[in-house]
Structures are given as C-alpha cells and as structure tokens.
Amino acid sequence: MYAVRLWSVRHARFWEWFYQHFEWAYVAAGPILRKIGYDRLEKPVAVVERNVKGFLFDCQMCGQCILSSTGMSCPMNCPKQMRNGPCGGVRPNGHCEVKPEMRCVWVQAWEGSRRMEGGDRITVLQPPVDNRKRGSSAWLRIVREHEKTGEAA
Amino acid sequence: MIAQDDRRLVDPGDPLPPLPGHSSRGRLERVLRAGRFAVTSELNPPDSADPRDVFDRAVVLSEVCDAINAVDASGAHVHMSSVGICALLTRAGYAPVMQIACRDKNRIAIQGDVLGAAAMGVQNILCLTGDGVQCGDQPEAKPVFDLDSISLLKTIRTMRDEGRFLSGRKLTSPPQVFLGAAVNPFAPPYDYRPIHFAKKVAAGAQFVQTQYCYDVPLLERFMARVRDMGLHEKCFILVGVGPLASAKTARWMRSAVPGVHIPDEVIERIEKAGAPKDQKAEGKRLCIELIQRVREIKGVHGVHVMAYRQEEYVSEIIKASGVLEGRSGRVRARLHEGSAAT
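If you read the sequences in order, they're chains F and Z. Count along the first sequence from 1, add 138, and you get the number used in our numbering. Count along the second sequence from 1, add 1101, and you get the number used in our numbering.
If you're looking for bench data, these hints aren't it; they were derived computationally from the structure. Incorrect hints may have been included.
[As the list claims (entries may be wrong)] Coverage of chain Z stretches by chain F, computed from C-beta distances (three or more under 8 Å per stretch; other residues unrestricted):
id: 1; stretch: 1224–1233
id: 2; stretch: 1250–1259
id: 3; stretch: 1287–1296
id: 4; stretch: 1302–1312
id: 5; stretch: 1400–1408
[Stated by the list, open to error] Result set (DSSO-like, lysine-lysine): computed pairs, CA atoms no more than 30 Å apart in a straight line:
id: 6; chain 1: F; residue 1: Lys271; chain 2: Z; residue 2: Lys1206
id: 7; chain 1: F; residue 1: Lys271; chain 2: Z; residue 2: Lys1243
id: 8; chain 1: F; residue 1: Lys237; chain 2: Z; residue 2: Lys1349
id: 9; chain 1: Z; residue 1: Lys1271; chain 2: F; residue 2: Lys286
Since the model is a prediction, treat every value here as computed from it, not as a measurement. All C-beta atoms, glycine included, are put in the ideal place defined by N, C-alpha and C.
Take the sequences, apply the hints, and build the full model.
Below, the structure is given as structure tokens:
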C-alpha cells in the first residue's frame, strides 16, 4: 500500500533496527528450519513474507531483498526496476517520470538511507536481478547463505 | 603526442595505434586524455531506411566533433537503431558513441551487440537506462529493463577488462571500448546525484555526458561536490548543451522531455527576443554563452551538443564558442565515394 510504503521509509531507522534483530532470530533458528526442511518451508514462508513485506513496503518478491541498502524503499516499485539509483527523469517535485502520481522510489530511498545507521550501503553496486529467484523467500535464502558461510549458530 | 597524431588524424573513425593506459583506440579518449576540450554531438536518427539520411546528418556534425552519439530509440520513439547507425558511421569513417538503453533489450542481446559494435570499429559506448516506454509513441510496449545503467557499465567493463561475459564464460577477443554514462545534476535528489555519479565511476564509467544544462549555478554546485570527491580526476565530464529554437519549444521540452530542467529566466530571455527568427538566434547565442561558461568550471572536460532537428547549427555554435582553439574539422575527403560504394 502506497501510504504504508511512505510511512515505512519515514521510519527507516526503526525498520533497520527491527531487521537486525529479526535477522538474528531467524539465522539462530537455522538448525530447526533445516530439520523441518527448507524446501518444505519455502511455500508457507514465501506466503508470509509476501503479505508482510507487501503491506509494509509494497514488496514485489524479487527474492533477493536489498531493502537495507535502499533506505527501506523497495526498488522493484520503480517502473524501470532500477536497483542502483534513480534515473535522470525524476520530476522537479521528486515524483516519478513514468508514474507522475508516485514519489520516485529512489528519492524515497535517499531520504530513508539518511535516517539509517547503515545508510551508506546505498553506495554498494547491486548486480542485476536473478530472475530465477522471483517469487521465492529472501528470508530463507539469508538463513541458507549464513549456514553456507558458517556464520550461523 | 596529440600534435603528432593530429597530422595522421584525417579519419576519426579509423582505429589509432594503441597507447598505454588507453582502453580504446578511438579519437575521443585520446583527445580527453591529452587534456583537450572535447566536443561530441548527437545525430538525430532518421525514420528511414536510406543510409544517405545518416550520412547527410553526420557530415555536418563531424566537422567539429570528436565523436557522434548514435542514440538508441531516445524518448522511447522508434528510429533507425543505434547499432544500424554505428554500422553506417564506422563504414564511412566516422567515430560514433554507441548508446545502449536497457529499455528494449535484455542482457543476452546487449552483450552480443557490444561484441558486434566493437567488431565494426565502435570505440565508445554510452550506457543508459533509457526513458520509460510511456514517453514514446508506443506506450503499450513491454519495457525490458533487465539491467540498469550501472549494471550495464559493469557488465561491459567485465567483458573488456576480464574478457568474460556476465556468466563468466570467456571471450576470445574482448571489446576494447571507452565506456561512458549519463549523469543528470539537474534532477532530484540533488544531494544524491554526486554519489550516484561516483557509483557510475566505480562501475566503469570513464566519461559522462550530462543532461541539458541551462542552470549553471546548479551545475557549479554539483561540480564543487564532484571535485571534493575527486571524481573529475577519475572520469571525464562533458556537459550537455543545446540551442533552444524558441520559448515555445523550451516550454514543451521542460514539460515533455524527462529530466530537462530549464529555469524561467532562460525562457523569458528567449521570449523577449521577439519574432521566431530572433528567438532562434537568441537560443544560439545562449548556447554559445553556456559553452563558454561551463568551460570555465574546473573539472569540465568538454561539451556534448544536442541540437534536436538543428544539426546544421552545431558547427556554427562550436566555432563561435572558440573551444576548438584552432583544431580543424576532420571531414573525411572520400566520404561520399565511401557511402556510394557501400
């Protein structure tokens, strides 16, 4: 929802704090999740993730979430799906070139990033989207990656 | 070094002898690295299948330009493709900057085009995200945007410097191109624009062309930040300029062309000139002044002249601005035989 999305960016610092703890929690739950089986969990977790993040951030389920690098403004809401910053067409009022009624997601991202402690992650170069991951859970992917790199409990 | 080259440089399209530290064998990179003030311009792409339409437009630009941009369906309007224009231009001995927009092609098509372009003799590639399809005359088209300008820069740099496709698969002969991007200091979020520029440099941009500049104080603020970050030492900056044909055109551009910022004072100045002919002359005068003003800004390495449907004035404007400092035009003598033979 557009209004909630704007609210979430205004509270980017809170969401950053929340995510840090939330991430810690589900990474810690890694061994249990593995026992249940990631494949079995994929569908239900993805449904929860789609609904929660869909409500808060208008998440498009790209499956490779970078909200913490984009000021809690989901870049997949950009009509050009730009993951590395705004295009040159941003209107003088900060609205989108393609959808004039919408604030540019990158104007939002920049504002959100200034509220966050790790806001400078906005300078990280993002690789192109892996289209195979669309629709899958980014949360579970993080847990799996933590396990692989041996950082998990 | 450049003076010696100059004598041999009758043909801006021919690959020059390789130089250490240069990515390409093109004229644009050489002029910039030699510390000269570079001039590029844009070829208005024809809605035609006749090569003469390309050559007629190129001949008037090449007189004063170090490279000519071949645009890729700008404004999301179909025209002759940038690949097609580059094929013609390189064949006739011109030095194009091939623009690639991410709107119409996915990563597979783009990487193939890069190889094809380099094989044809394209020395410069400009990476763009591209205007949205809604700007064009076919807004019902499917927008691709598989890459964005920054991931495109990085992709081509990987191809050139590591000799690999995005997948990691090896190339037998990498494309030796000078890589460019666009920056727009005149659109929000203004504080972020220099950081965005830094990101493009980190992704591989060696030169940038800016959106139309009609607001010099805003450019100066941007450039001050760019200098603080040392970006002007890592990347060549060509400021976009162009003559406004009339106050009416200026108003239309401001409202219809994405990312163009024209202050009211500028439009008033053109309007005050009066009759259409006088407004046009005032537009040209303003463009010459802008070139002279931006040239004085530290860190500006050249201008990119965009004269939509006014290509015939580019040469006049550049010559009047004095930026060439006696550098001569480089029209290829055998151009017309060349185009007739093909």
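Which earlier hints can't be squared with this structure? 5
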